[in-house]
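**Q** One-letter residues, chain by chain:
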Amino acid sequence: QKEVEQNSGPLSVPEGAIASLNCTYSDRVSQSFFWYRQYSGKSPELIMSIYSNGDKEDGRFTAQLNKASQYVSLLIRDSQPSDSATYLCAVLQGEGYQKVTFGTGTKLQVIP
Amino acid sequence: DTGVSQNPRHKITKRGQNVTFRCDPISEHNRLYWYRQTLGQGPEFLTYFQNEAQLEKSRLLSDRFSAERPKGSFSTLEIQRTEQGDSAMYLCASSVSGQGMGVDTEAFFGQGTRLTVV
Chain A
1 QKEVEQNSGP
11 LSVPEGAIAS
21 LNCTYSDRVS
31 QSFFWYRQYS
41 GKSPELIMSI
51 YSNGDKEDGR
61 FTAQLNKASQ
71 YVSLLIRDSQ
81 PSDSATYLCA
91 VLQGEGYQKV
101 TFGTGTKLQV
111 IP
Chain B
1 DTGVSQNPRH
11 KITKRGQNVT
21 FRCDPISEHN
31 RLYWYRQTLG
41 QGPEFLTYFQ
51 NEAQLEKSRL
61 LSDRFSAERP
71 KGSFSTLEIQ
81 RTEQGDSAMY
91 LCASSVSGQG
101 MGVDTEAFFG
111 QGTRLTVV
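As you go down the protein sequences, you meet chains A and B in turn.
Under this note's numbering, the residue at position 48 of the first sequence is numbered 48, and the numbers go up by one with no gaps.
Under this note's numbering, the residue at position 64 of the second sequence is numbered 64, and the numbers go up by one with no gaps.
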């Protein structure tokens with residue numbers, strides 16, 4: 001089982017719709033969760049972090065965390081073509097010293 | 001610029017040569033990560049440091065790879081006897097080590113070094 005799993009996509013949504021990106025993780029004691037956006041040929045850019053169960057909203061982005069189900073998601077409202085990118089889920093996990101582990105990313109395509 | 005800085009941005013080398021990359025983290029960040037990323041994949045963990053101590057090295061990493069962070073500030077990643085399979089983007093990130101809930105533990109990335117082995 002991979003430590004952090006994501007559907008590779010591509011996920012295609014029309015402009016203005018809600019994009020829903022999902023991630024599951026294996027380490028039950030993980031406490032910190034992150035979403036990064038990565039444009040082709042560029043390095044990952046942090047867009048959201050979440051530490052507690054529930055929802056966290058920042059502009060058009062909402063991160064959702066359910067530790068009991070080991071599940072974290074990212075919703076993008078009013079999707080724009082500029083949101084087209086790969087979205088990486090990352091989890092701070094491990095025993096003792098923890099490290100940030102990434103999923104393989106979900107490619108999002110927003111169609112004008 | 002107070003972000004993470006990586007040099008060089010691009011490196012083309014012949015198979016069998018050694019290469020060294022440098023990463024300068026955000027100044028107050030005590031944790032530094034190295035990742036490798038190939039096309040269509042997420043960043044793959046290589047190694048990380050807390051201050052000058054190397055805490056973990058990926059077991060997938062061969063002995064040709066070595067990293068240092070001698071004074072707990074900048075770090076170098078060296079690849080000896082490069083192979084074509086080493087061609088990838090090498091990413092450095094830095095963060096503050098987490099001490100529990102509410103501590104800012106986000107990792108911020110540099111622009112990466114793209115290595116091409118010919």
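The set of hints was computed from the structure by calculation and includes no laboratory data.
Nothing here was measured: the structure is a model prediction, and the numbers come from that model.
It is possible that some hints are incorrect.
Unchecked claim - Simulated pairs of lysine-lysine, DSBU-like, Cα-Cα distance not exceeding 30 Å:
no., chain 1, residue 1, chain 2, residue 2
1, B, K11, A, K107
2, A, K107, B, K71
3, A, K2, A, K99
4, B, K57, B, K14
Stated by the list, open to error - Which stretches of chain A does chain B cover? Using the computed rule of at least three CB atoms under 8 Å from a CB of chain B, they are:
no., stretch
5, 22-30
6, 59-68
7, 98-112
Each residue gets a CB set at the ideal place from its N, CA and C atoms; glycine is no exception.
**Q** Is the hinted pair K107/A and K71/B satisfied, with a Cα-Cα distance of at most 30 Å?
**A** Violated - the C-alpha atoms of K71/B and K107/A are around 39 Å apart, more than 30 Å.
**Q** Count residues of the stretch 22-30 of chain A with a Cβ under 8 Å from any Cβ of chain B, then say if the count reaches three.
**A** Since 0 is below three, the answer is violated.
**Q** With a cut-off of 30 Å on the C-alpha distance, tell me whether K57/B and K14/B pass.
**A** Judged against 30 Å, a Cα distance of about 26 Å means the pair holds.
**Q** Could you grab the alpha-carbon distance between K11/B and K107/A and see if it respects the 30 Å cut-off?
**A** Cα-Cα ~27 Å, so holds.
**Q** Going straight from one Cα to the other, do K2/A and K99/A come out at no more than 30 Å?
**A** holds, 15 Å
**Q** Is the listed coverage of the stretch 98-112 of chain A by chain B valid when you require three or more residues with a beta carbon under 8 Å from a beta carbon of that chain?
**A** holds (count 8)
**Q** Within the stretch 59-68 of chain A, is the number of residues with a Cβ closer than 8 Å to a Cβ of chain B three or more?
**A** With 0 residues closer than 8 Å to chain B, the stretch 59-68 of chain A misses the three-residue bar; violated.
The earlier numbered hints that this structure contradicts are 2, 5 and 6.
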